[in-house]
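Enquirer: From first to last, the protein sequence lines stand for chains Z and D.
The opening residue of the first sequence carries number 1 in our numbering; numbering runs sequentially from there.
The opening residue of the second sequence carries number 1 in our numbering; numbering runs sequentially from there.
Hints are computed from structural coordinates only; laboratory data are not their basis.
Nothing here was measured: the structure is a model prediction, and the numbers come from that model.
Glycine included, every Cβ here is placed at the ideal spot set by N, Cα and C.
One thing to keep in mind: the hints can contain errors.
A few chain Z residues that face chain D, going by a derived Cβ cut-off under 7 Å, partial list only [what the hints assert, rightly or not]:
(1) Ala119
(2) Asn123
(3) Ile294
(4) Ile309
2 protein chains.
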Amino acid sequence: MTARLTADTAIIGGGVIGLAAAWRLAQAGLRVAIIERGEPGREASHAAGGMLAPLAEADSRDAFFDLAVAGRSLYSRFAAELKESTGTDIEYRTEGTLYLSLDECDDEELQRRWEWQHAAGLNVEKLDASFVRTLEPQVAPALRWALKFPDDHQVENRRLVAALLAATRNAGVEIISHTDALRLRIENFAGKKRIVGVVTTQGEVRTGVVVLAAGSWSGLIESDEPVALADVEVEPVRGQMISLEMPMPVVRHVIYSRRGYVIPRLGGTVVCGSTSERAGFDKRVTAGGIAGIIEGAAGMLPAIRELAITEMWAGLRPFAGDGWPILGYDPQVSGLVYATGHYRNGILLAPITAETVTELIVQGEARRDISPFSVRRFATGKRDNGTNEIRGNKRKI
Amino acid sequence: MTARLTADTAIIGGGVIGLAAAWRLAQAGLRVAIIERGEPGREASHAAGGMLAPLAEADSRDAFFDLAVAGRSLYSRFAAELKESTGTDIEYRTEGTLYLSLDECDDEELQRRWEWQHAAGLNVEKLDASFVRTLEPQVAPALRWALKFPDDHQVENRRLVAALLAATRNAGVEIISHTDALRLRIENFAGKKRIVGVVTTQGEVRTGVVVLAAGSWSGLIESDEPVALADVEVEPVRGQMISLEMPMPVVRHVIYSRRGYVIPRLGGTVVCGSTSERAGFDKRVTAGGIAGIIEGAAGMLPAIRELAITEMWAGLRPFAGDGWPILGYDPQVSGLVYATGHYRNGILLAPITAETVTELIVQGEARRDISPFSVRRFATGKRDNGTNEIRGNKRKI
C-alpha cells in the first residue's frame, strides 16, 4: 500500500464480519478499505463450523435470539447473491439440525427447549427414537428422542470466506493484508471527537468512518482519545475442531447434543467440535481437547470412530463479557462503528451485521433496534440484557 | 541405477532390519545393495516408538524372550558404534520402564509378571505408589503400585534410521530407493535351487544372496520357484501414534500399562501409542484410534490432556502368524535369507538380526540357535514354538 490512503470507510478486520460489511458498503457506493493483520478470513471465520442454529442453542427469547433468527432468515438470499456475484457455492444446506437426547440430563434440556419454543410458535419438532433412526440410521443405540429444528441450517464457512473475498474484490474493496491497525486517529472538532484515520504498520489510512471488526484482536488497538470499547475485554475463547473423511454418508443432518456437534459437508468430510477454553491467543490443539471432541461425537454417532482424521485446528472466538456482539456507534466518538464480539455466532450474524453496519453508515441509523448490543452496556459494569453468563456453552467457561 | 547391477548380497527392504544387516555385511567386506520401494526407513521403522522393553511385555520365558533380551543387550554398544561412525546420537536412554497398576485387572497382570521374572532372577523391581510418585510425580491418582524394569530402555527410532542410513552409506552400501523388488530369480543347478538375482522396476540386480527384509510387504514379491515364505502370510498390523509437545518434563521414564504407553523424548516431545488393527495397507489415523490412545495415556498421566498435539501417524507392523520373526535360510532355495515378520519388535531386534544375518551369510551359520524362528514352522500348519497367539497385544487382534 502507499504510505497514505484515503477511504470513505476503513474496516479493521478481514473476517466474515469485516468482509460482509465491506461488500455491502461497497455495493452502496462507498470506497472501502479493509485492514487485516494476516490473510483475510483465516482466523475464527476459517475455524468455525458454519452452523446457523439459533434455535438449537436458545433457552429463552431475548434481543440476541431475535437478532440471530433475523440473521438466519437472510442466509438463503445471501448465499444466492454470493453465488450470482462470484460463482462460488457456499453450500447452504437445509436438512436442518437434530438435537439428541441420550440420557436423563439431555431429556431435561430438550424438554425445556421444546416447551418454550413450541409455546412461542417456533419451528421445532419432537421426534421419537424410531423416527430419528429413519432420518439418521447411524445414531447411537442410547438415543431416547430428539428435537428437530428444520430451519437451523448450515454453510461451509471456508467457502463463505472465499466467496466474500471474491465479492469484495469484484466490488472494488481494497484489502490491505498483513498489516496491523495500531491506533485510531481521533481529533476534536468544536468540542466533539471524531475519527480521522487509522495508523497501521504500513502507514496511515485517512477516513471519516472506521468499522472495528477485529474479533479477538479488537481490544489491542490503541486510540488517540478514550473509546467506549476500552470498558470491555474482548477475550479469545479457543475452540478446537477436527474433520474426518466420510467416504459413505454417515450422517446428513447437523447432529447436536450437550456432547458437541457433528456437521456433514458435501465434500465427503464431517466436522466435529468443539471446546471452549481460555488459552489466550494460543491456537494449538491439545490431546484432551481432541479426545473430548471425538468421544462426544462418537457418543452420538459411534461410526465416527472408524473415520480417518483429515485435519485438526483451533480458532479464537471473540467473547465480550456476556457473549453478545457489540454493534453500533461509539457513544462519544463520531465515525467509530463497532461490529465485534460475535463469539460463537460470527458466521450466523455476518449478513445481518453487514446490513446493520451499512444502514448505520449510509442512513445514519439502523432499521432494527440494536440498542441491546451497544457498547454502552459495559460502561457502568451493569448489563442491559439481564445476563452475564456465556451463552451456548456455559459449562466450559 | 543401471539396468543391471551385481552385488554380493541384495537386501530387499530398507527399514531398520535391512539397513542394520547391510551395515554389518558391508563391514564384513561384502558389496551390498538395498532395494527399497520408497524412501529408506520411512515405514514401520519411522512409525515405531523405540521401546527396548522385552521384560515389560513378557508373560513367560521362551525362545523369543531370550532373543529379545539378547538383542536388548547389544543396544548400548550399537548406539555407541553408530555415534562413532556417523556422529548421530540415537538417544539411547536408560531411565527404564515403569509398568503401572491402576486397577484390579492390572494388579493381576503385574503380579503374574513379577512372580515369574523375579523367580527367574530377572531385573525387575516392585515399587509402591509413594515411591513411584517420587520418580514420576505426574502419575494418575489411581496408581496402586508399579513394576520397574531398569534394563528396558528406549531409543529415538527416527534418529536410529538416520544413523543407520549414514552408516550404510559410509560403508559403501548402495541404496536403490523408489524401486520395487518384483521377483526373486531362482535357477536350478544340479538338482538344487539357488538365488541368482532380483528383478526390480529398475532392472535386475544379479546376486547369489538375497536377504528378504521387506516387513509388511514381504509377501508381495514373486519368485521363479516356490519359496517357503509362501506358506505364511506376513500381514500388516496398523499401529497409530501421536506425539505431544512437552515444554516442561511431564515424565522421564517410559510409562507402560495395559492402556498403552508414553515415551518421553529428549527433544521436548512425548510419544503415545498405540493401536493394533487389521486395516490392510491403510496408514490413515482414525478418530477412535487417536482418542483411545489419548484416553489411555491420560489415564496414566492426566497432564497429557493439556499438551499440544504435534503429530499423528500410523505404521504397519509385519505380523507373521505367531508374532515371532522369521529368521534364517529358506530350506529349499540356496542363498535366500529371511529377516522379516518382526511385528512389534523391529527396533529392539535390529542389531541382533543384523548380527545373525551376517553370521549366516559370512560364516554359513549363526552362533545362536535360530531354529525356533525358521520359516519351516509354518510349513505344516503346526507351530514349533507352541503358540499361535499374537504376542504383546493379544487383546486387540
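Enquirer: So, for every hint listed, does it hold in this structure?
Expert: Now for the hints, and whether the structure bears them out:
The interface hint given for alanine 119 (chain Z) is broken, as the beta carbon of that residue sits about 39 Å from the closest beta carbon of chain D, more than 7 Å. Annotation: interface hint on asparagine 123 (chain Z) violated; nearest CB of chain D at approximately 32 Å, more than 7 Å. Checking isoleucine 294 (chain Z) against chain D by beta carbon gives a least distance of about 4 Å; that is within 7 Å, so the hint holds. Taken as an interface hint, isoleucine 309 (chain Z) checks out: its beta carbon lies about 5 Å from the nearest beta carbon of chain D, inside 7 Å.
When each numbered hint is compared with the structure, violations occur for hints 1, 2.
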